[in-house]
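S.K.: What follows is each chain in one-letter form.
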Amino acid sequence: MPLLDLKGVTKEYRLGKVIVRALRGLDLRIDPGEIVAIMGPSGSGKSTLMHILGALDLPTGGAALIDGQDLKSLKERELVRLRGRRIGFVFQTFNLIQTMTAQRNVELPMIFQGIKRAERARRAAELLEKVGLAERRSHKPNELSGGERQRVAIARALANDPEIILADEPTGNLDSESGAQILGLLQRLSREDGKTVIIVTHDPDAAAIADRIIRLKDGAVIGESAGGDRDP
Amino acid sequence: MIAILKDFFFFAAQSILHRKMRSWLTVIGVFIGITAVVALISIGLGLNRTIDEQVSQVFGVDTFMLVSGDSFRQRRHNGTAEEYALDLELLRSIEGVKVAAAIRQRTGFVVGPAGPEGKAKQGFLTVMGLSPELMTEFSSFTGPLDVEPGGRLFEPGEIDAAVLGSEIAERLGAAVGDEITIAGDGDTELRMRVVGIMAPPDEAKGSEQGFSMGASGPDADTIYVPYAAMDRLWGDADDVLLTLARVRKGYDVDQVADRVEEELNARGAKLTAVTYSDISDAIGTMTSTVSASLAGIAGIALLVGAVGVMNTMFTSVLERTREIGVMKAVGAKNVHILLIFLIESGMMGLVGGIVGTGLGLGLSAIASAFIGRFFGVHMAVVASPALIVITLAGSFLLGAFAGLWPARRAAKLTPVEALRYE
Chain C
1 MPLLDLKGVT
11 KEYRLGKVIV
21 RALRGLDLRI
31 DPGEIVAIMG
41 PSGSGKSTLM
51 HILGALDLPT
61 GGAALIDGQD
71 LKSLKERELV
81 RLRGRRIGFV
91 FQTFNLIQTM
101 TAQRNVELPM
111 IFQGIKRAER
121 ARRAAELLEK
131 VGLAERRSHK
141 PNELSGGERQ
151 RVAIARALAN
161 DPEIILADEP
171 TGNLDSESGA
181 QILGLLQRLS
191 REDGKTVIIV
201 THDPDAAAIA
211 DRIIRLKDGA
221 VIGESAGGDR
231 DP
Chain D
1001 MIAILKDFFF
1011 FAAQSILHRK
1021 MRSWLTVIGV
1031 FIGITAVVAL
1041 ISIGLGLNRT
1051 IDEQVSQVFG
1061 VDTFMLVSGD
1071 SFRQRRHNGT
1081 AEEYALDLEL
1091 LRSIEGVKVA
1101 AAIRQRTGFV
1111 VGPAGPEGKA
1121 KQGFLTVMGL
1131 SPELMTEFSS
1141 FTGPLDVEPG
1151 GRLFEPGEID
1161 AAVLGSEIAE
1171 RLGAAVGDEI
1181 TIAGDGDTEL
1191 RMRVVGIMAP
1201 PDEAKGSEQG
1211 FSMGASGPDA
1221 DTIYVPYAAM
1231 DRLWGDADDV
1241 LLTLARVRKG
1251 YDVDQVADRV
1261 EEELNARGAK
1271 LTAVTYSDIS
1281 DAIGTMTSTV
1291 SASLAGIAGI
1301 ALLVGAVGVM
1311 NTMFTSVLER
1321 TREIGVMKAV
1331 GAKNVHILLI
1341 FLIESGMMGL
1351 VGGIVGTGLG
1361 LGLSAIASAF
1371 IGRFFGVHMA
1381 VVASPALIVI
1391 TLAGSFLLGA
1401 FAGLWPARRA
1411 AKLTPVEALR
1421 YE
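Order-wise, the sequence lines are chains C and D.
The working numbering puts the first residue of the first sequence at 1, with every later residue one more than the last.
The working numbering puts the first residue of the second sequence at 1001, with every later residue one more than the last.
These are computed hints drawn from the structure, not numbers from a lab.
All values derive from a computational prediction rather than experimental measurement.
From the three backbone atoms N, C-alpha and C, an ideal C-beta is built for every residue, glycine too.
Please note that a few of the clues may not be correct.
[Stated by the list, open to error] To give an idea of the interface, some chain D residues facing chain C are shown, with a C-beta separation under 8 angstroms as derived from the structure:
(1) H1018
(2) M1021
(3) V1326
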């Protein structure tokens, strides 16, 4: 059974007086442990797809299933739990909380799950170590470089040990060297930890680490190809 | 849930410190109102306690007075006392009463000493009968009764002695040692020896005279005679202005006062017994009404402070929309977001409360010292723990309440909306 299964998903939303049809009958299956890159021009519905895959938004039509369970059948409370425990987000603009240290940022998802302070601190330290930032744990985001910030964001995404990592243009704001580090990290998460990694990207280097590349246009899948599966 | 609240308090503190300038301005808006309210309440309480102390000093906690009918309540409106009938001996015999003294007053025909031409001055004058106990037992109540040098007040047991008001003495042409005649009911007459002349009222000492004797203070226009002399002249007392009684040790003043009221009224009198607590209650009601209404006006400043908090929180929610989106994406429930913002606004209220309470109490101490010096009394500064605790809890709630609307708006944002926000 696929981990994520989208069947004829449509998504419409209202932007002022205009109704935008962001997704127009999209089909997509993603298996556990895969690295999938989703590529497409601006306005192709990448972000909307990302939001639905991350249970941040529900489709207007069709069905989006996680582990065979339709998102639409879940209560708000269950969607929150899903986002908190099974999915980790990585954003293009990092989206760290500026007033908190790296350590606190990584602890944040665990706070909402009610994990005890000591356990939280131990795990956050471990994750920062994993992304190579053990020395930077008490720095605030504005004291870190772009690459470091994105690594903190990845550590945060891993906080509750989710099965799925959703990365939205993770290298979009980084120089190529930092970008390569981030891609290497994401690749390791899949290879070593068995995470399912979904990367929405314009970056051919990012696509290159994927097992599969899905191409989107006008809210539908227009093609699929095998990824480069090479080291970035 | 408790553990998570601790984290949220930490978030709030960080976020407040992160925007120091704005947070301080908001806090200033809050503490101005709280300072005003705390200062006014504290001054009001201090005033109350000071009045209480003054009343108990003058009146004595073991003393009560009898006034006619409802006049204790009415006095506050028209300021005059009604005369009433009283059986002083009966009052003295009631269980628990240690001493009792009364004042009765009549207008009587008075003939002065014969002048140089053998002609005496005469006229209708105010005659006031005082129980000797009034001077010996209730001096704090009457205030100092000063007699001019060479004279004295009458003593217990004396009947035919009179003390003249200074003006009366002049008008009658009487000096200490002279005899005057007072005409009573029917053919009764009493020849009285003038034993003293009241010192003219000293205006400067006016405020020290304590409670006045009946309607007015020692009066230059009155003849003072022993209470027993009044009985001789006019028979049983039906013209009593005021009665004072002190209870025996071990008796409760309010209980004795009730018993006296009951027993005397059962014999046809219409009296009210007023104790120390009745008086201080009446004054207390008045001062607390005044201070409560002043504090109410100061509450408007508090309301303005709350609007300031609301404004700051709306700005904060708007600025942190993306942050809210991120928190929701990493598993925050709506109630978490709500709590984070409520705690933040509550904490601004609380800091305002702490500063405001401190400043308010300081202000009240300064005002008390000022008022105390002005009226020549030591004014108590009241910083009751209850006032402080209620103010601090109230200011946190005020802040949280002001933040409720912005926080609800933040909590209701959908994650996608919030993340898309630029």
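S.K.: State for each hint whether it applies.
M.R.: Here is what the structure says about each hint:
1. H1018: The hint holds - H1018(D) has a Cβ within 8 angstroms of chain C, the shortest such distance being about 5 angstroms.
2. M1021: violated (15 angstroms)
3. V1326: Interface hint status for V1326(D): holds (5 angstroms vs cutoff 8 angstroms).
This entry does not satisfy hint 2, going by the numbered hints stated previously; all others are met.
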